[in-house]
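Q: If you're matching them up, the sequences are chains A and B in order.
Residue 1 is where the first sequence starts when you use UniProt numbering, and the numbers rise one by one after that.
Residue 1 is where the second sequence starts when you use UniProt numbering, and the numbers rise one by one after that.
What the hints contain is simulated information worked out from the structure, not anything from laboratory work.
Incorrect hints may have been included.
Each pair may be met inside one copy or between any two copies, as identical chains are not told apart.
[Claimed, not checked] Each computed DSBU-like pair below joins lysine-lysine, with the alpha-carbon atoms no more than 35 angstroms apart:
#1 Lys331 x Lys183
#2 Lys25 x Lys331
#3 Lys223 x Lys122
#4 Lys106 x Lys25
#5 Lys122 x Lys303
#6 Lys337 x Lys122
#7 Lys331 x Lys303
#8 Lys205 x Lys331
#9 Lys385 x Lys71
#10 Lys369 x Lys337
#11 Lys331 x Lys223
The model shown is predicted, which means the values in this text are computed figures rather than measured ones.
Protein chains: 2
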Amino acid sequence: MAPQLDSYFKQVDHLSGSFIERLRKAVAIPSVSADEDRRQDVVRMSEYLVSELKTLGAHVESRPLGPQPGKEHLQLPPVIVARYGSSPSKRTILVYGHYDVQPALKDDGWATEPFELTIDDKDRMYGRGSTDDKGPVLGWLNSIQAHQEAGVEFPVNLLMCFEGMEESGSEGLDEFIEKEAKKGGFFDAADAVCISDNYWLGTEKPCLTYGLRGCNYYSVEIKGPGQDLHSGVFGGAAQEPMTDLTRILAGLVDTHGTILILGIAALVAPLTDEEQSLYGHISYTMDNLYESLGSHTSVHATKEQTLMARWRYPSLSVHGIEGAFSAPGAKTVIPAKVTGKFSIRTVPDMEIEHVNRLVFAHVEKAFEKLGSKNSLRVSCQHAGKWWVASPKHWNFTAAAKAAERVFGVPPDLTREGGSIPVTITFEQATGKNVLLLPMGSSTDAAHSVNEKLDRRNYIEGTKLLGAYLHYVAEEPMTNGA
Amino acid sequence: MAPQLDSYFKQVDHLSGSFIERLRKAVAIPSVSADEDRRQDVVRMSEYLVSELKTLGAHVESRPLGPQPGKEHLQLPPVIVARYGSSPSKRTILVYGHYDVQPALKDDGWATEPFELTIDDKDRMYGRGSTDDKGPVLGWLNSIQAHQEAGVEFPVNLLMCFEGMEESGSEGLDEFIEKEAKKGGFFDAADAVCISDNYWLGTEKPCLTYGLRGCNYYSVEIKGPGQDLHSGVFGGAAQEPMTDLTRILAGLVDTHGTILILGIAALVAPLTDEEQSLYGHISYTMDNLYESLGSHTSVHATKEQTLMARWRYPSLSVHGIEGAFSAPGAKTVIPAKVTGKFSIRTVPDMEIEHVNRLVFAHVEKAFEKLGSKNSLRVSCQHAGKWWVASPKHWNFTAAAKAAERVFGVPPDLTREGGSIPVTITFEQATGKNVLLLPMGSSTDAAHSVNEKLDRRNYIEGTKLLGAYLHYVAEEPMTNGA
Ligand SMILES: [Zn+2]
Ligand SMILES: [Zn+2]
Numbered sequence: 001m002a003p004q005l006d007s008y009f010k011q012v013d014h015l016s017g018s019f020i021e022r023l024r025k026a027v028a029i030p031s032v033s034a035d036e037d038r039r040q041d042v043v044r045m046s047e048y049l050v051s052e053l054k055t056l057g058a059h060v061e062s063r064p065l066g067p068q069p070g071k072e073h074l075q076l077p078p079v080i081v082a083r084y085g086s087s088p089s090k091r092t093i094l095v096y097g098h099y100d101v102q103p104a105l106k107d108d109g110w111a112t113e114p115f116e117l118t119i120d121d122k123d124r125m126y127g128r129g130s131t132d133d134k135g136p137v138l139g140w141l142n143s144i145q146a147h148q149e150a151g152v153e154f155p156v157n158l159l160m161c162f163e164g165m166e167e168s169g170s171e172g173l174d175e176f177i178e179k180e181a182k183k184g185g186f187f188d189a190a191d192a193v194c195i196s197d198n199y200w201l202g203t204e205k206p207c208l209t210y211g212l213r214g215c216n217y218y219s220v221e222i223k224g225p226g227q228d229l230h231s232g233v234f235g236g237a238a239q240e241p242m243t244d245l246t247r248i249l250a251g252l253v254d255t256h257g258t259i260l261i262l263g264i265a266a267l268v269a270p271l272t273d274e275e276q277s278l279y280g281h282i283s284y285t286m287d288n289l290y291e292s293l294g295s296h297t298s299v300h301a302t303k304e305q306t307l308m309a310r311w312r313y314p315s316l317s318v319h320g321i322e323g324a325f326s327a328p329g330a331k332t333v334i335p336a337k338v339t340g341k342f343s344i345r346t347v348p349d350m351e352i353e354h355v356n357r358l359v360f361a362h363v364e365k366a367f368e369k370l371g372s373k374n375s376l377r378v379s380c381q382h383a384g385k386w387w388v389a390s391p392k393h394w395n396f397t398a399a400a401k402a403a404e405r406v407f408g409v410p411p412d413l414t415r416e417g418g419s420i421p422v423t424i425t426f427e428q429a430t431g432k433n434v435l436l437l438p439m440g441s442s443t444d445a446a447h448s449v450n451e452k453l454d455r456r457n458y459i460e461g462t463k464l465l466g467a468y469l470h471y472v473a474e475e476p477m478t479n480g481a
Numbered sequence: 001m002a003p004q005l006d007s008y009f010k011q012v013d014h015l016s017g018s019f020i021e022r023l024r025k026a027v028a029i030p031s032v033s034a035d036e037d038r039r040q041d042v043v044r045m046s047e048y049l050v051s052e053l054k055t056l057g058a059h060v061e062s063r064p065l066g067p068q069p070g071k072e073h074l075q076l077p078p079v080i081v082a083r084y085g086s087s088p089s090k091r092t093i094l095v096y097g098h099y100d101v102q103p104a105l106k107d108d109g110w111a112t113e114p115f116e117l118t119i120d121d122k123d124r125m126y127g128r129g130s131t132d133d134k135g136p137v138l139g140w141l142n143s144i145q146a147h148q149e150a151g152v153e154f155p156v157n158l159l160m161c162f163e164g165m166e167e168s169g170s171e172g173l174d175e176f177i178e179k180e181a182k183k184g185g186f187f188d189a190a191d192a193v194c195i196s197d198n199y200w201l202g203t204e205k206p207c208l209t210y211g212l213r214g215c216n217y218y219s220v221e222i223k224g225p226g227q228d229l230h231s232g233v234f235g236g237a238a239q240e241p242m243t244d245l246t247r248i249l250a251g252l253v254d255t256h257g258t259i260l261i262l263g264i265a266a267l268v269a270p271l272t273d274e275e276q277s278l279y280g281h282i283s284y285t286m287d288n289l290y291e292s293l294g295s296h297t298s299v300h301a302t303k304e305q306t307l308m309a310r311w312r313y314p315s316l317s318v319h320g321i322e323g324a325f326s327a328p329g330a331k332t333v334i335p336a337k338v339t340g341k342f343s344i345r346t347v348p349d350m351e352i353e354h355v356n357r358l359v360f361a362h363v364e365k366a367f368e369k370l371g372s373k374n375s376l377r378v379s380c381q382h383a384g385k386w387w388v389a390s391p392k393h394w395n396f397t398a399a400a401k402a403a404e405r406v407f408g409v410p411p412d413l414t415r416e417g418g419s420i421p422v423t424i425t426f427e428q429a430t431g432k433n434v435l436l437l438p439m440g441s442s443t444d445a446a447h448s449v450n451e452k453l454d455r456r457n458y459i460e461g462t463k464l465l466g467a468y469l470h471y472v473a474e475e476p477m478t479n480g481a
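Chain A with its partners taken away, still in its complex shape (with noise of 0.2 angstroms):
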């Protein structure tokens, strides 16, 4: 039996002007947390969660994590954790998400003041850290509040995770997690995880992210003469860096995505017909993607080729040179060390280190074969591992139900193209699933200027969140894979 949410949606509704003043109240505090000078904001941001929440009648701590890794001066933003409810005939859902966020100055080309939530005549409500991730972060406030109000008891114990270094690393984040995550941890009793901190795959539609691509990032550095030399004086007479490193470049992806890497595709699991099947009816067209490209320079020439390659397939992506001359103008230089940065993203089955050892490999034949007398040294900057979830658990069919429930539509079963590592610590800390439930569409520009989060998105998303809980209380645990 579907559970009862008239009333609690009644009252979100009725309540919706004060869930914008409570987000309108958190854009203003500009918690940025990659500006030092910015990190008494954090710590206030996280204040604010701590009083709203306490006012709600939540049980919340405010855990120090530190001094910042590098900076010994400076202490890390506090994860605020807290519990709402602890009945043990409930189940216990686990919730992330982050109040820092990311730079914003109204010269970066901001049509209205960053930390001034803006709401225009189309009803987007324009703000720092409104999609990402004030606006999530408030709706799980938001549904406490409406159930209150609308005397709807509670259906889950509910415990929270807001960390306040999410823009800048996560640092000191993945021990935590582990640490409370372990027996007599705050996180202990969680039966299941949800993070709502991405987004819908369009603007109409909502959606369940079952998947996300690792991330292995490498260094290829070539260091020739001792300093950086003239081309008119040395050019011809000295072998140059940035000649050995195009070459090297050159040869890592082709024009069409390719990887050229030897290896790398027999590591990438098999498209079965079940999955196949899944693309077909996701909605999203090739104007969808070519209106965030911004032109229609696409590898691929239809929507589930585009989908599986962004979600499925590994790809190479060249991002730079540093150390050469990258300025406007023409300068005559031949730089003495250059060292291209280039990453690939992955999907399963690729372990990192056999990624690591297969692109090591590549590489070094790669330069042996210049003949080049400079020297090559490439390494892995960092890696990520990709994390995928079987949609069919009840965490995820709950969701789904909830989902339709809120907007009449059953949702898009989505992968993504980019990483949110603390899916994957969540889930080894844990041992459970992990289910991503964005609320925010894809055109927020969460990260780049103008950053909103839509009316809709932030009002149906808070009915979303509390719906969850509702059918993630009652699901029956059969898909425990």
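Since chain A is already given, all that's left is putting chain B with the ligands on it; use the hints.
A: Below, chain B with the ligands without anything else, positioned relative to chain A:
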């Protein structure tokens, strides 16, 4: 009959202390032409020259060049023109130098204050502009003074042209020279030209320079998406401009310096036996090269091949990429628009326009082969022609005798890989032979930190400039080639 130079030489030695003081005062004026805030120091340096030249009895004019193009509020530094002697029975020699300098900050890594002439125990005189080009400019003034004080008649009419924007593109100079070289202009009477603004090939032996390579500088812009993309989200779905650019840059030149652009090699003037025979005598070793490279990463194994590669064969250097990620660290960007920069050092008989046509055709064909949906734009940012004079011209044979007289060895006849555009301007405007007669040595670090001029090069160099004027006054004009 060889000129009587003993009393001139003796007087130079006698005045050496005051010549060094003259250089000290000049180095103390930070006449950095690239720095707008230092423009009045550049002007102050011009006034110092005017005052010194007047004291020596020269006719001096400070010629304004008007506002700096693109910076209409900023006046260009003046060109100082001067005439010392105007006897119809004497030859007229036009000399050129520049009184502006490269930027320098102690923090750049200078061991001493850059704008304080500091002499160490090996008589190396450190200071910005010491060798480039204040030492040589003052060398001409010193030579006038030593003639006066020794009571030796000055052998020629000396025309001087000292500019204050050489390190910043010699704005406005070409038009000025062209005008003054015309009938009735200040340089009209010149019989030959001498420029002292380059360097010996080594540290022991003087040289005369009779050739310079030209430079064609290119941009290859590749453009795809409307804005930078996240490689997680779009990697595999979008054709990436960096992929195309690395493949184009990789096809320009190989590790061993061979230019891969069809048709370039055929433009190079063949090596004659006569020219080849010049290289063996030149005082230069592979160890000299290794020392200046700071490595053993040479293209060639022998001195002769190396010198020819630097002086008489073209070279192609890839300088860098604008628009890609170039900072330290890891950024997962797909750059939307990237511009590769490369240049070709040109030699006889490569014509600028012909080279451009071959480069454009090569790049366009390489791009076409990629089958990319991105767009390409290749252009020549700037081009300067190569220059080669006949080292048998009387201007050179006179200078060779002077150098042998001062240093006891015949000078090396050298060319340079880099360009000194004013050389070709003087040659074309006056129609006279231009000689490059360097004062400083290969270790002087012009344009770098710890620029210096050895006391020996300054004092013997002053003797050389004076001796040159005596020999050039008498040299039979049999080789006018
Ligand atoms: Zn986020
Ligand atoms: Zn110079």
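Q: Now, for every hint given, state plainly whether the structure supports it.
A: Verification of the supplied hints:
no. : hint            : result
1   : Lys331 x Lys183 : neither (61 angstroms within a copy, 37 angstroms between copies)
2   : Lys25 x Lys331  : between (49 angstroms within a copy, 32 angstroms between copies)
3   : Lys223 x Lys122 : between (55 angstroms within a copy, 33 angstroms between copies)
4   : Lys106 x Lys25  : within (18 angstroms within a copy, 49 angstroms between copies)
5   : Lys122 x Lys303 : within (29 angstroms within a copy, 74 angstroms between copies)
6   : Lys337 x Lys122 : between (52 angstroms within a copy, 32 angstroms between copies)
7   : Lys331 x Lys303 : between (43 angstroms within a copy, 27 angstroms between copies)
8   : Lys205 x Lys331 : between (51 angstroms within a copy, 31 angstroms between copies)
9   : Lys385 x Lys71  : within (27 angstroms within a copy, 53 angstroms between copies)
10  : Lys369 x Lys337 : both (20 angstroms within a copy, 30 angstroms between copies)
11  : Lys331 x Lys223 : both (19 angstroms within a copy, 22 angstroms between copies)
When each numbered hint is compared with the structure, a violation occurs for hint 1 only.
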